[in-house]
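Given next are the chains, with one letter for each unit.
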Amino acid sequence: KAGVTQTPRYLIKTRGQQVTLSCSPISGHRSVSWYQQTPGQGLQFLFEYFSETQRNKGNFPGRFSGRQFSNSRSEMNVSTLELGDSALYLCASSAKSDTQYFGPGTRLTVL
Amino acid sequence: GQQVMQIPQYQHVQEGEDFTTYCNSSTTLSNIQWYKQRPGGHPVFLIQLVKSGEVKKQKRLTFQFGEAKKNSSLHITATQTTDVGTYFCAASSSNTGKLIFGQGTTLQVKP
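Chain order of the listed sequences is L and X. Quick note on numbering: this note's numbering labels position 85 of the first sequence as 85, and the sequence is numbered without any gaps. Quick note on numbering: this note's numbering labels position 34 of the second sequence as 1034, and the sequence is numbered without any gaps.
Misleading hints may appear alongside valid ones.
To be verified - With a straight-line cut-off of 25 Å between C-alpha atoms, the simulated SDA-like cross-links for lysine to any residue are:
#1 X:K1057 - L:A95
#2 X:K1059 - X:T1081
#3 X:K1051 - L:T99
Quick caveat, the hints were computed from the structure, so don't treat them as lab data.
Please build the complete structure, drawing on both the sequences and the hints.
This is how it looks when you write it as structure tokens:
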């Protein structure tokens, strides 16, 4: 099976802009989670989607949002970008157990 | 909220030395997972422990789950340069079901 794919892999934006990241889970996986990884904060949970519904949400401001489509693909959107949003954004899919299969991530740089 | 504390944050060892990272929680965990992230890569699932006192081995890696299911450890015997990376533990929150990651232990191995 193909692994989790994320696009784009790298992104440079300026403050105030918005960005949309995409994630395609492993075939058959219905749960998709998003994480933000920074050197200082480690892996921070953003949200989890299952069957197009947000099942869990982390402690991030409303500028961070997501959605999941009927084919389980997911998108994450960040509006009004801030410098502190620069990070590696990781998507992970899972099947029945909560074992996470991570994608390669999208490296976002906000200038 | 539930937290998972992981120590040490960094560890430098000489190739051939042993290495251990510890994960602790103030609450009882239903299970614990371990992941490895190579430099520049994404976290990769290593193992899941479920039973009290469980011990699992993967070649030179030994994973333990405490009797009280509040702590876990990963021990690497005779480290090699291929062991370099950041090791994360992760546990499901009993309240929300979210997967909570420890801060990670970054291992450097000197050849």
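- Query: Given the hinted pair X:K1059 and X:T1081, is their alpha-carbon gap at most 25 Å?
  - Reply: Judged against 25 Å, a Cα distance of about 15 Å means the pair holds.
- Query: Is the hinted pair X:K1057 and L:A95 satisfied, with a Cα-Cα distance of at most 25 Å?
  - Reply: holds, 24 Å
- Take a quick look at whether X:K1051 and L:T99 sit within 25 Å of each other, Cα to Cα. Judged against 25 Å, a Cα distance of about 16 Å means the pair holds.
Consistency with the previously given hints is maintained throughout, with no hint failing.
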